[in-house]
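Chemist: Single-letter residue listing:
There are 2 protein chains.
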Amino acid sequence: MSQDWTVVAAAKKAKQQALIPKEWLLSDLPPQSTLDVSEFPDTCGLLTEEEIRITKSATGALLSNLAKGEWSSVQVTTAFYKRAIIAQQLTNCLTEIFVERALARAVELDEHLKETGKPVGPLHGLPISLKDQINIKGIESCMGYVSWIGKDADHNAVLVDILESAGAIPFVKTNIPQTLMWPETFNHVFGRTCNPYNRSLTSGGSSGGEGALVALRGSPIGVGSDIGGSVRIPSAFCGTYGLRPSYGRVPYAGCVNSMEGQDSIPSVLGPLSNDIAGIKSFVKAVVDAKPWLKDPLAVRKRWNEEEYNLVDHGNGKDLCFAILWDDGDTVPHPPVLRGLETVKKALLAAGHNVIDWKPLKHVEIYRTLRDIWGAGAEEDYNTVAMLSGEPVISTMLPEEQPVVAASEWFRPSESVSAYQLWQYQKKKRDLRQEYLRYWEETTAATGTGRPVDAIISPVAAYAAPPHGMNKSANYTMVWNLLDYAALVIPVSKVNQAIDVPRPRNEFYSDADRLLWQSYNPETYNNAPIAIQVVGRTLEEEAVIAMSEIVDNALKSSKGDS
Amino acid sequence: MSQDWTVVAAAKKAKQQALIPKEWLLSDLPPQSTLDVSEFPDTCGLLTEEEIRITKSATGALLSNLAKGEWSSVQVTTAFYKRAIIAQQLTNCLTEIFVERALARAVELDEHLKETGKPVGPLHGLPISLKDQINIKGIESCMGYVSWIGKDADHNAVLVDILESAGAIPFVKTNIPQTLMWPETFNHVFGRTCNPYNRSLTSGGSSGGEGALVALRGSPIGVGSDIGGSVRIPSAFCGTYGLRPSYGRVPYAGCVNSMEGQDSIPSVLGPLSNDIAGIKSFVKAVVDAKPWLKDPLAVRKRWNEEEYNLVDHGNGKDLCFAILWDDGDTVPHPPVLRGLETVKKALLAAGHNVIDWKPLKHVEIYRTLRDIWGAGAEEDYNTVAMLSGEPVISTMLPEEQPVVAASEWFRPSESVSAYQLWQYQKKKRDLRQEYLRYWEETTAATGTGRPVDAIISPVAAYAAPPHGMNKSANYTMVWNLLDYAALVIPVSKVNQAIDVPRPRNEFYSDADRLLWQSYNPETYNNAPIAIQVVGRTLEEEAVIAMSEIVDNALKSSKGDS
Numbered sequence: 001m002s003q004d005w006t007v008v009a010a011a012k013k014a015k016q017q018a019l020i021p022k023e024w025l026l027s028d029l030p031p032q033s034t035l036d037v038s039e040f041p042d043t044c045g046l047l048t049e050e051e052i053r054i055t056k057s058a059t060g061a062l063l064s065n066l067a068k069g070e071w072s073s074v075q076v077t078t079a080f081y082k083r084a085i086i087a088q089q090l091t092n093c094l095t096e097i098f099v100e101r102a103l104a105r106a107v108e109l110d111e112h113l114k115e116t117g118k119p120v121g122p123l124h125g126l127p128i129s130l131k132d133q134i135n136i137k138g139i140e141s142c143m144g145y146v147s148w149i150g151k152d153a154d155h156n157a158v159l160v161d162i163l164e165s166a167g168a169i170p171f172v173k174t175n176i177p178q179t180l181m182w183p184e185t186f187n188h189v190f191g192r193t194c195n196p197y198n199r200s201l202t203s204g205g206s207s208g209g210e211g212a213l214v215a216l217r218g219s220p221i222g223v224g225s226d227i228g229g230s231v232r233i234p235s236a237f238c239g240t241y242g243l244r245p246s247y248g249r250v251p252y253a254g255c256v257n258s259m260e261g262q263d264s265i266p267s268v269l270g271p272l273s274n275d276i277a278g279i280k281s282f283v284k285a286v287v288d289a290k291p292w293l294k295d296p297l298a299v300r301k302r303w304n305e306e307e308y309n310l311v312d313h314g315n316g317k318d319l320c321f322a323i324l325w326d327d328g329d330t331v332p333h334p335p336v337l338r339g340l341e342t343v344k345k346a347l348l349a350a351g352h353n354v355i356d357w358k359p360l361k362h363v364e365i366y367r368t369l370r371d372i373w374g375a376g377a378e379e380d381y382n383t384v385a386m387l388s389g390e391p392v393i394s395t396m397l398p399e400e401q402p403v404v405a406a407s408e409w410f411r412p413s414e415s416v417s418a419y420q421l422w423q424y425q426k427k428k429r430d431l432r433q434e435y436l437r438y439w440e441e442t443t444a445a446t447g448t449g450r451p452v453d454a455i456i457s458p459v460a461a462y463a464a465p466p467h468g469m470n471k472s473a474n475y476t477m478v479w480n481l482l483d484y485a486a487l488v489i490p491v492s493k494v495n496q497a498i499d500v501p502r503p504r505n506e507f508y509s510d511a512d513r514l515l516w517q518s519y520n521p522e523t524y525n526n527a528p529i530a531i532q533v534v535g536r537t538l539e540e541e542a543v544i545a546m547s548e549i550v551d552n553a554l555k556s557s558k559g560d561s
Numbered sequence: 001m002s003q004d005w006t007v008v009a010a011a012k013k014a015k016q017q018a019l020i021p022k023e024w025l026l027s028d029l030p031p032q033s034t035l036d037v038s039e040f041p042d043t044c045g046l047l048t049e050e051e052i053r054i055t056k057s058a059t060g061a062l063l064s065n066l067a068k069g070e071w072s073s074v075q076v077t078t079a080f081y082k083r084a085i086i087a088q089q090l091t092n093c094l095t096e097i098f099v100e101r102a103l104a105r106a107v108e109l110d111e112h113l114k115e116t117g118k119p120v121g122p123l124h125g126l127p128i129s130l131k132d133q134i135n136i137k138g139i140e141s142c143m144g145y146v147s148w149i150g151k152d153a154d155h156n157a158v159l160v161d162i163l164e165s166a167g168a169i170p171f172v173k174t175n176i177p178q179t180l181m182w183p184e185t186f187n188h189v190f191g192r193t194c195n196p197y198n199r200s201l202t203s204g205g206s207s208g209g210e211g212a213l214v215a216l217r218g219s220p221i222g223v224g225s226d227i228g229g230s231v232r233i234p235s236a237f238c239g240t241y242g243l244r245p246s247y248g249r250v251p252y253a254g255c256v257n258s259m260e261g262q263d264s265i266p267s268v269l270g271p272l273s274n275d276i277a278g279i280k281s282f283v284k285a286v287v288d289a290k291p292w293l294k295d296p297l298a299v300r301k302r303w304n305e306e307e308y309n310l311v312d313h314g315n316g317k318d319l320c321f322a323i324l325w326d327d328g329d330t331v332p333h334p335p336v337l338r339g340l341e342t343v344k345k346a347l348l349a350a351g352h353n354v355i356d357w358k359p360l361k362h363v364e365i366y367r368t369l370r371d372i373w374g375a376g377a378e379e380d381y382n383t384v385a386m387l388s389g390e391p392v393i394s395t396m397l398p399e400e401q402p403v404v405a406a407s408e409w410f411r412p413s414e415s416v417s418a419y420q421l422w423q424y425q426k427k428k429r430d431l432r433q434e435y436l437r438y439w440e441e442t443t444a445a446t447g448t449g450r451p452v453d454a455i456i457s458p459v460a461a462y463a464a465p466p467h468g469m470n471k472s473a474n475y476t477m478v479w480n481l482l483d484y485a486a487l488v489i490p491v492s493k494v495n496q497a498i499d500v501p502r503p504r505n506e507f508y509s510d511a512d513r514l515l516w517q518s519y520n521p522e523t524y525n526n527a528p529i530a531i532q533v534v535g536r537t538l539e540e541e542a543v544i545a546m547s548e549i550v551d552n553a554l555k556s557s558k559g560d561s
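For the record, the sequence lines run as chains A and B. Numbering-wise (full-length UniProt numbering), the first sequence opens with residue 1 and increments by one. Numbering-wise (full-length UniProt numbering), the second sequence opens with residue 1 and increments by one.
Honestly, I wouldn't trust all of these hints.
Straight-line C-alpha distance at most 25 Å; calculated PhoX-like pairs for lysine-lysine [said to hold, decoys possible]: (1) A:Lys137 to B:Lys13; (2) A:Lys137 to B:Lys427; (3) B:Lys294 to B:Lys358; (4) B:Lys151 to A:Lys426; (5) B:Lys13 to B:Lys137; (6) B:Lys427 to A:Lys361.
Here are some of the chain A residues that sit facing chain B, going by a computed Cβ distance under 7 Å [claimed, not checked]: (7) Ile149; (8) Ser264; (9) Pro296; (10) Gly376.
For the record, the hints were derived by calculation from the structure and aren't laboratory data. By construction, the Cβ of each residue, glycine as well, lies at the ideal position given by its N, Cα and C atoms.
Please build the complete structure, drawing on both the sequences and the hints.
Modeler: And the structure:
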């Protein structure tokens, strides 16, 4: 390398800043001591009334107004772009900015609709944000690695081709942690993304840029990736909806990534949005485009409307949900427990059954995941980082290059032989087999004649914690190993008056005790509270439908109270 | 180990022999010099006229007569069992024999039909043979490893549960090579399986027992496994139909296997039969049983009747097939080329389009497969073999423990690190991506407005070769890496008068020249000639339907000539 890596990183960051239209730069930004900036976009004066109305619309209304030409794509794209730039100034959520290119495409789409009277596709005119690793031809995907700066992608990711054919406009790329293998968002190039509801807290990761951006309504649909919770953790921490689809349901081909070739517990792409309609529109549009004709790892499974109508779940009547209160290793903080309790109450009020889900070997599952990813992770990270000389990050704590121990789960385990990796993978297969049998056997407990329809699970043991303190992704990772589809639903926000510490005398472990001690309501105040609805492998349609049921139950129950 | 492994192996073999009912032992077996024993079951006198009629019935007729009770399951199972025992005495195709157990189940099924008037399921009363590795509770699955002798399986494989629920009767298990990673069939416990059309030739492998058994009509449907051709090679060499489904379409859970945990290019289970109806009945029955509720790796994809009706292939009119004449590495022997020519003529006569398929990077694909499997194979084989002290087999040549070099492809490559394995797996992903794009781009050449509908490919560069001489599985392995569904169709038999050597002056390589020199018509006389119809990943329905079209075209064209 000819240049110091810090110089290269700083130049890239300066270039990013220069790409923001001057008139969208805000001089009166709130001071860092202002923690909750969620209302700032509406009040800062940069957005017109109409732009506020557009960016706060439900996804269904947006799509229908775009398809009918009631709002032009230029209007909608401009509104979201401005709001995204506000979000950037508040939370540092973006990586790549390309206003002219996005608006030029919006003009084309508007002309097409005018000329033909027909929308280009189901996502006509809609701006969509993409996690940095999702390649757009002609734009960089440095993924927070200094060594990858300066290389424009020479192709679109398959997903980008599909989204563009569906009429969508990729309009910004969003921030990530170096390696993507952290549940927070910080790297040496773009820096740290913070939580719009409380900037002293993390936005989560690795799709943390998406979480902050979508939460601030700077994007109607964002695309993240999830290998161990990387869509769901930012969704939960930032209060958006977010789906982790099964392996291969959404095409991944053509993205950059860490640990390429690790195909045993792979990363998947999935959407974040402010409503479930956004999630559904995205998945249906992508699956209807037959992604298996463009990505060999995409599963040949059409969108199944019968499954969406819950044919395998009693047509959606009298469902039985099971709540995972804790994983047998750590008990969640009071706000998370209140979230689960709220959902239980709402589901019972809506006439569904709710039972408890007892965890099966979750700790073994965590270990197996770590063994598989760790088998070659260190070599992978070092190989890329050494090209520029930048250090591999060992903590997400905010101090400059702090020398502290990495958390247990995110430091790669020791490199092993391929044969040893196969033994871990065999263990994984056996755990999946056991879990499937276990789920099927719940038929005896549901009273519906069916096994449990979906699990309601915490997304983390806590709401968004302070930067550097998100040291576990256990409550999400477990479903990655099992390859279960899971959809995050926001439930409430931490209220320091209500979410007081709950006394406990017994603990699963020292870690559990430490976690309990670490809770204090002031720290977490205003952080979103969420749950995830967990279904079976390749059951995206049913998981979306059951999530709608849960979400509607929550909304009705809020209306009641 | 307390006992010499050869003693343990011999005891197991003697026990097997003792399980054959005395009255089914033939005293007048043809001498070893009689090569073609394919007609012997009909003429040996052990089978009644009706048993001959039953065992020579089309699968459709068998299933319908069983469902209507016109033939009892006891009749049908007895007929196939007797014929399987004849096949065993001719070709050494069986491992586990359990006559009483199978007939007891047949009695139950007959009673059920009598009492309820309804068949138990779509395979009611049908005996089905299983490759040795497919666990049946209470029966051994030693898989040719001495160290695994004496352990009854404590569970059914998921497939066995499904087949039994569908009314089928697993009735024999069939022979395999040690490790399963050879395209021939020999192990230290059960010995060698030979080809019923010419016993000096191999039955192929690793499902070689199934190939010989089904070819002799000792089983109406057999189940093999295919990691690199192990269903298709025996099907082709023995003249049966055989399907390699995509990863996860047929549940594999609960089988024993080699290289467990190697889940990048995994083995799949697939059926062999004497007609395509047998293949279809099996796949539809298995998929309709929702295997994803029993095996977490089974794909949630229902049997799709629209895809069977070729909705993605112009509804089956004016298809465009592409013929792979050679792989750019070795040119097939004259009988194989005649097979391809015959298919081309038949398809043209039936009104379809036929173009050439130019291979894309097949040699790189072979190398990548070998690298991935080889990454931990040697450790895997040694670990199991060392338990009994039996040697890991290094050749399929018939001499007793010959010390010769293993063929290039079947000797494991050097063990590597997990990180290195990931690099191979990344290469694999890239090759799959390139091949998919390449296939899609054939739209320009087909004249149908669609890409090529299916590839017609050799199954091997030769018909069944002499024992120990099947040194490549290239023409099948390529489709395993790509995960394409492929169905083998018998076309003809080697005729030493017609299939004379074809002069060649140019060769791809020394290996190609050696292969060309190795052909002489007398050696291969009477060996079956076959092709495979290759479709896309998870396109089993369409591949079955297109194979019916190819098969019908061949039958019509034979009728014409």
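Chemist: It remains to establish, for every hint, whether it holds in the given structure.
Modeler: Here is what the structure says about each hint:
no.: 1; hint: A:Lys137 to B:Lys13; verdict: violated, 64 Å
no.: 2; hint: A:Lys137 to B:Lys427; verdict: holds, 22 Å
no.: 3; hint: B:Lys294 to B:Lys358; verdict: violated, 40 Å
no.: 4; hint: B:Lys151 to A:Lys426; verdict: holds, 21 Å
no.: 5; hint: B:Lys13 to B:Lys137; verdict: holds, 20 Å
no.: 6; hint: B:Lys427 to A:Lys361; verdict: violated, 34 Å
no.: 7; hint: Ile149; verdict: violated, 22 Å
no.: 8; hint: Ser264; verdict: holds, 6 Å
no.: 9; hint: Pro296; verdict: holds, 4 Å
no.: 10; hint: Gly376; verdict: holds, 3 Å
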